[in-house]
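Got chain A sorted already, so can you dock chain B onto it with the hints?
Protein chains in written order, with our numbering: chain A, 1 to 287; chain B, 1001 to 1276.
No wet-lab data here; the hints were simulated from the structure. These numbers come from a predicted model, not from an experiment. Virtual Cβ for every residue (Gly too), placed ideally from N, Cα, C. Mixed in with the good hints, there may be bad ones.
Unchecked claim - So the derived list for chain B, only partly shown, Cβ under 8 Å to chain A, looks like this: (1) L1033; (2) T1106; (3) L1263.
To be verified - Rough simulated footprint, nothing fancy, chain A against chain B, three-plus residues with beta-carbon under 8 Å: (4) 1047-1060; (5) 1091-1102; (6) 1124-1138; (7) 1146-1159; (8) 1174-1180; (9) 1239-1251.
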Amino acid sequence: MSATTGLRDGAWSRRVARMALVLAAVAFLVLFLVLPLCAVFAEALRKGLHAYLAAIDQSDAFAAIRLTLLVAAIAVPMNIVFGVAAAWAVARFEFPGKALLGALIDLPFSVSPVIAGLVYVLLFGAQGWFGPWLEAHGVRLIFAVPGLVLATMFVTLPFVARELIPLMQAQGSEEEEAARVLGANGWQMFFRVTLPKIRWALLYGVLLCNARAMGEFGAVSVVSGHIRGLTTTMPLEIEMRYNEYDYVGAFAVASLLALLALLTLAAKSALEWRYGDELAAHAPGGH
Amino acid sequence: MAGRRRVLPGFGLALGYTLACLGLLVLLPLAALVWKASGIGMAGLLHLLATPRTQAALRLSFGAAFIAALANAAFGLLVAWVLVRYRFPGRRLLDALVDLPFALPTAVAGIALTALYAPNGWLGQTLATFGLRVAYTRLGIGVAMVFVGFPFVVRTVQPVLAALDRDMEEAAESLGARRAQTFVRVILPMLAPALLTGFALALARAVGEYGSVIFIAGNIPMRSEIAPLLIVQKLEAFDYAGAAALGVVMLGFSLLLLLALSLLQRRSRRWAEQPA
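Isolated chain A, as found in the complex (with noise of 0.2 Å):
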């Protein structure tokens, strides 16, 4: 009897436990994640929803929307072509010191992003390496846009590598061979057999580089001399905003980027659900 009522009480103590875990994982995630998410909105909205689009219906909202779909669409194709060129190098072929060019692929999610400004402001800028010489030759890459893209090529630059990497190396390549064996030249081979077994994995790695590329503050910040209507992304052109106290103003482009997150994550979890076997590196013997 007394054994029955001890498993009974186990069973019992284990739900209330597995409760309050839950408990706390959601209260967490919606203190932390969701409200955060809310108040952009909320705040947006808070004067009513002609002032809402009253803020965005202004040229220097168009002018920042229009230069950071331009700064993405020149930085997230670069991404690709380095990231697809680094996996092929690193996935399909040894060669000295692979682990250290691994790392150094990785290294810039180690440097702060105001620092990926600054390197640029250095090389380019007035008192920089190359600037007497740009500057005599009437090319302008700071406070311009070139230097947006650069700063955002620099933060983007392992997002699409990273992912192709493990999956690559986990795919092997034996198909790759068999093309070749059986007579395909490289770019057939390539557009026909490695992009299709890729391409999901590619994907996911755009969608991730192009919410950075758009996101981004601090590198692009340093770079771009907030000229407004010239150099000002929608991430700043939400801080110049928010620095006059403009706050629905700030909120109503915040709002444009936050529904901007909202579609990358929903894709990005569409692609996991739908083809997780194709993203993840899934070795034999697990991880």
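Only chain B this time, still in chain A's reference frame:
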């Protein structure tokens, strides 16, 4: 390997392009940083490090990031555990939500957290009745750093926890171990390497974090001024050498810290593979 190299094309092109990009985008600019920093000389560097304001900013950046990463290790482990081990309605939604800090731009997170924790904000009002101020204090810096670093621990621990062999847990329990004992003696050692990786990633991110912190920090010199902000201020005062030197110091500390953590991780992995 030699045979493989002959069969698959594109090694030279791929490696060449990778190295060219890394060299031009990362290594050359970092070289410029070190070169510019060396302009102030050893005496200048020591003077910079001896300045109370620099010391305060570095202490704050690394200290707050360390505490935030510790908090993230605890909460991240909790959330990963709940997501992997329990089934409940809304689990997938929560799982997707974990990555929000990766997707939400830091400036947006910064102003949202500030609005939330400001004295008249949703949470700030409640906390104020307990005499707790978060926005415009160091506590706010910690909150922002927890936000940006949170997904790292969950995403490194989650796959390891999911792949964990449950035989050992069951063996421990059948031998009479209590639940807490099993967790501390059996599960935690096996999760330790992943937990350390997540901790290191969250720490590295928090140390350099700028966008989300500067809105909530208050930015009072000596009290709530983080090191990246000090770099920006030096830059705005045209003190390029000082900004570069502080950048090199930050980078050096971060890399040393990451190196130490990766050594610790290697050790914990060996420990995990041979449970006592």
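Tested hints:
1. L1033: holds, 5 Å
2. T1106: holds, 5 Å
3. L1263: violated, 14 Å
4. 1047-1060: violated (count 0)
5. 1091-1102: This one holds; 10 residues, not fewer than the three required, reach chain A with a Cβ under 8 Å.
6. 1124-1138: It is violated: at least three residues are needed, and the region 1124-1138 of chain B offers just 0 whose Cβ sits closer than 8 Å to chain A.
7. 1146-1159: It holds, with 4 qualifying residues against the three required.
8. 1174-1180: violated (count 1)
9. 1239-1251: holds (count 6)
In terms of the numbered hints stated before, the structure departs from hints 3, 4, 6, 8, listed from lowest to highest.
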